[in-house]
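Participant: Residue numbers (my numbering): 1 to 162.
Keep in mind the hints are simulated off the structure, nothing from the lab. As the structure is a computational prediction, the values presented were derived from the model and not from experiment. Accuracy of the hints is not assured; some may be wrong.
[Unchecked claim] Taking lysine to aspartate or glutamate and the EDC-like style, the derived pairs with C-alpha atoms no more than 20 Å apart in a straight line are: (1) Lys26 - Asp7; (2) Lys33 - Asp7; (3) Lys65 - Glu94; (4) Lys33 - Asp135; (5) Lys47 - Glu124; (6) Lys26 - Glu124; (7) Lys125 - Asp148; (8) Lys99 - Glu69; (9) Lys97 - Asp73; (10) Lys97 - Glu51; (11) Lys122 - Glu111; (12) Lys122 - Glu51; (13) Lys65 - Asp16; (14) Lys33 - Glu51.
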Amino acid sequence: MRVAIIDLGTNSVRFDVHQFGPKNLKQLLHREKMMVRLGQGVFATGKLNREAIRRTVLAFQSFQKTSGEMRVDRMVAFGTAALREAGDGQIFVETIKEKTGIEIQVISGAEEARLIALGVLKNEKRAKGRHGLIDIGGGSTEITICLDKTPVVGASFSLGTA
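Let's have the full structure, built from the sequences with the hints guiding it.
Facilitator: Printed below as a string of structure tokens:
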């Protein structure tokens, strides 16, 4: 099965296509990153910038086209801090669905922290005992406390680089 994953952050959007095979082994087939700066001005105004919306719609249209060409079976898309903070974030999500058919799930800060930790810990061989992970993004910073390879508690703070 081919799965496309879109991670829409405050500054960039990442697009990966993976091939899943027997025993859930996966192979990365395609990776792309675009600097759309969706969060441009959102933390000052509470609204998404019109030009940033345009850039992001174009990126999603490109990802939809690539997904079709690569015969993707399933697509999942996640939105983070910029969409959580924007008063018009839900309107943006509906616009993307209307123009591309892609449904964006806006995840909570705690869920973002958990997913980041799971991604880091999956490939970390030395993860033993208690330790912390910090991810500084464009619109938020996630801190997760882990025990071995398990996230125990995570928090998100509205403090990023944007």
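Participant: Give a verdict on every hint.
Facilitator: Evaluated hints:
With a C-alpha separation of about 18 Å, the suggested pair Lys26 and Asp7 falls inside the 20 Å cut-off, and the hint holds. Only pairs whose Cα atoms come within 20 Å are accepted, and Lys33 paired with Asp7 is accepted, the gap being roughly 9 Å. Restraint check for Lys65 and Glu94: satisfied, since their Cα atoms lie roughly 19 Å apart, inside the 20 Å limit. For the given pair, Lys33 sits about 18 Å from Asp135 by alpha-carbon distance, which is consistent with the 20 Å threshold.
For the given pair, Lys47 sits about 38 Å from Glu124 by alpha-carbon distance, which is inconsistent with the 20 Å threshold. Between Lys26 and Glu124, the direct Cα distance comes to roughly 17 Å. Compliance with the 20 Å bound is thereby established for this hinted pair. Restraint check for Lys125 and Asp148: satisfied, since their Cα atoms lie roughly 10 Å apart, inside the 20 Å limit. For the proposed pair Lys99 and Glu69, the alpha carbon gap of about 18 Å is at most 20 Å, so the pair holds.
Distance restraint check for Lys97 and Asp73: the Cα-Cα separation of roughly 17 Å lies within the 20 Å cut-off, and the hinted pair is therefore satisfied. As the CA atoms of Lys97 and Glu51 are separated by approximately 18 Å, the hinted pair is consistent with the 20 Å bound. Of the supplied pair hints, the one linking Lys122 and Glu111 holds, its CA atoms being roughly 16 Å apart against a limit of 20 Å. In summary, the hint linking Lys122 to Glu51 is not supported, as the alpha carbons are separated by about 37 Å, beyond the 20 Å threshold.
Taking the CA atoms of Lys65 and Asp16, the gap is near 13 Å; set against the 20 Å cutoff, the hint holds. With a CA separation close to 18 Å, the supplied pair Lys33 and Glu51 stays within the 20 Å bound.
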